[in-house]
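*Asks:* Keeping their order, the protein sequence lines are chains A and B. For the first sequence, counting from 1, position 212 maps to 212 in this note's numbering; every step adds exactly one. For the second sequence, counting from 1, position 198 maps to 198 in this note's numbering; every step adds exactly one.
Since the hints were made in silico from the structure, they are not lab data. Some hints could be false.
Within a straight-line C-alpha distance of at most 30 Å, the following computed DSS-like cross-link-like pairs (lysine-lysine) qualify [what the hints assert, rightly or not]:
{"id": "1", "chain 1": "A", "residue 1": "48", "chain 2": "A", "residue 2": "414"}
{"id": "2", "chain 1": "A", "residue 1": "144", "chain 2": "B", "residue 2": "237"}
{"id": "3", "chain 1": "A", "residue 1": "414", "chain 2": "A", "residue 2": "426"}
{"id": "4", "chain 1": "B", "residue 1": "198", "chain 2": "A", "residue 2": "375"}
{"id": "5", "chain 1": "A", "residue 1": "436", "chain 2": "A", "residue 2": "48"}
{"id": "6", "chain 1": "A", "residue 1": "264", "chain 2": "A", "residue 2": "400"}
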Amino acid sequence: MKRPANPGAEKGKLVAYLNARLLDPASGLDTMGALLTTGDQIADLGPKLFAGGVPSGIEVVDCGGHCLAPGLIDMHAFVGEPGAEHKESFASASAAAAAGGITTLICLPNTEPAIDEPAIVEYVERRARENSLVRVQPMASITKGLAGAEMSEMGLLIEAGAVAFSDGDRAVASARVMRRALSYSTLFGKLVIQHAEDPSLSKDGAMNEGDVATRLGLAGIPVAAEALVVERDVRLVAMTGARYHVALVSAGDTLDVVRGAKAKGLQVSCGTAPHYFALNENAVNDYRTFAKVSPPLRSEDDRQAVIAAIKDGTIDVIVSAHMPQDVESKRLPFGQAAFGAAGLETMLAVSLILHHDHGLSLNDILYKMTAAPAKLLGLASRGALRTGAKADLMLFDPDKPWRVNVDKLRGKSKNTPYEGLPLTGKVLMTVVDGLKVFDATH
Amino acid sequence: MYPPAITYLLDLADGYVEQNRAVDKKKSVLRGRTQVNLFFEASTRTSTSFELAGKRLGADVINMAVARSSVSKGETLIDTAMTLNAMHPDVLVVRHQDSGAVQLLSQKVGCAVINAGDGAHEHPTQALLDALTIRRRKGRLDGQVVAICGDILHSRVARSNIHLLNTMGAQVRVIGPPTLMPRAIDELGVEVHHDMRKGLRGVDIVMMLRLQMERMQGAYVPSLREYFQLYGLDQEKLTLAKPDALIMHPGPMNRGVEIDSLVADDINRSVIREQVEMGVAVRMACLEALTRHLPNIGAAS
């Protein structure tokens, strides 16, 4: 699948989105109105726009009263290029992303070879440019070969286009290496993203350490494996003044550490994925390997703590944590199965649980998937409905019920933990740089 | 050391520069004296410089290259010192890989001791020769803006220069990546810059430091090519310094790592070879001052 050319953007084509509920989480705007795009930019928006009719020569999209919001920015997704194209390619991942309302995908560097060289950053960008429906920006590794020993060439990687640094699904285990990487990163001000899991504590573990693991006879990964890495890193952040982000927080103990760091004024932020507030460790019952994720699904108390932290702002961003796994990696005894869940297409709908069941406003939820990641990553022209911003749009119906049908998922790997579950809220249209890349309105 | 002592040594050295350029380079102020160069760490230019300085002043010079011992270093060091002391040397010139080792040794011997570099602590004669080079070129030390660039963390040259230049009224900036910057370095009275382009703006002197090869591959900086791009002195970065800014380097240089060859060999601005010449003169001055037992100069400088 090749990304279609966008002649409209070049010619400054005008498109009017009428009869929309405009949602801009960056400004708090929530009103019925219209939006106009010129080429790849938002030209105007508001309740009074086109009140007197649309002039001729402008293409009209009737939003049918549904919600028009900035396209989602997913800052944590694994795409298998290069090295694991059988699990996911830019073509398949971006089709799933577009169907999930995601317009910018930040892909993880734990590919094969890892994204630790400027040339690989450029390769990924070129592959994405040629094959992806949505915008893709790569993260680069913190350490060479994700080995946790030697720093990557951060300066050259940023020059090539890396937006942040992460060792993917591996923690930087050595405090000494982490200290130097954090310290060095202050030269550039980019985010250093940690996969918080102490490998010596989590070794051989398959799920959350607790009563469920005990009953199932599975080796556990204690909450402490996550919390102590963050505790350590926060001290290093205090020493170095770096910008630090915890990729995925799954437990209340970790959130307490992040909360404390923020209270001290440190540049510490964190994210979580929908499964950490939609599911708990009971999803693993019957040894369901699709619920085997890293960090693991935790206890009900932890799930509640994650929801509370989303509400109080301790959790800054919600990400898909998309980790496609082929059947051969998952159809195994639980202990041997690979970690990870597909999450691009379900990210918005599962997150809307926070709206329907926990009282968050739509803008509050969207903020964590649009303006917040844009701010953390320095994507100034994205993640907001604002005149002059890029025309990355998502039209969705927050109340439309649907059921997750694995066969209809667009991603190459179908390892969703929500198989057969009913969800509420569906993406109707996705627009990237003024170009429609997904349309389910007909 | 205090400003008058530094000025005294520099004045003395100035005279030796002329002598070293003459046909007859030999004097006899150290006649009958024994100078032992005790180098626990490999060095070519510093030991040669001290050897030449001693010989030109008429001293008997012995070079001892002591290999790194696997046994407890403190014990070996003191044993060596006691053994040498029994031979009645007048001056010991000591280089050691551990900070503070020279001071420890000086407490155990009865003669004058010159620190020729100890760990990441001090390299006083290097700072003196740098000061002499600057003073001869610029006329004065006070008011000069000096940028010391590179691996400040491991550099004894940087520490000695910061101390001397601050004492003499120069304004010192240090430039390097945060990973090669010692903590609280600003407490030493320097301006800290991580952006070389900002740090070089308007400086009179650019002093480059050597980056040890083993510190390049990912431990402190990611790679040689990234280091050169960010912190290598090339002509483009040099344009930010004053047009008549001097380029200095304590040597040995890594061309293409911390300094571009074009800059290192710039006839008008690079004083790197002049530094070596000043080194001999400064060391002669130190040897003379110490053997004269001047009251205002400490035994271990």
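*Asks:* The structure should be examined with respect to each hint, and the outcome stated for every one.
*Replies:* Hint by hint, here is what the structure shows:
Between residue 48 of chain A and residue 414 of chain A the alpha-carbon distance is near 44 Å, which puts this suggested pair outside the 30 Å criterion. Between residue 144 of chain A and residue 237 of chain B, the direct Cα distance comes to roughly 28 Å. Compliance with the 30 Å bound is thereby established for this hinted pair. Distance check on the hinted pair: residue 414 of chain A and residue 426 of chain A sit about 19 Å apart at the alpha-carbon level, within 30 Å; holds. Of the pairs offered as hints, the one joining residue 198 of chain B and residue 375 of chain A holds, with about 26 Å between alpha carbons and a cut-off of 30 Å not exceeded.
For a cut-off of 30 Å, the pair hint linking residue 436 of chain A to residue 48 of chain A stands: about 24 Å separates their Cα positions. About 42 Å separates the Cα atoms of residue 264 of chain A and residue 400 of chain A, which puts this hinted pair outside 30 Å; it is violated.
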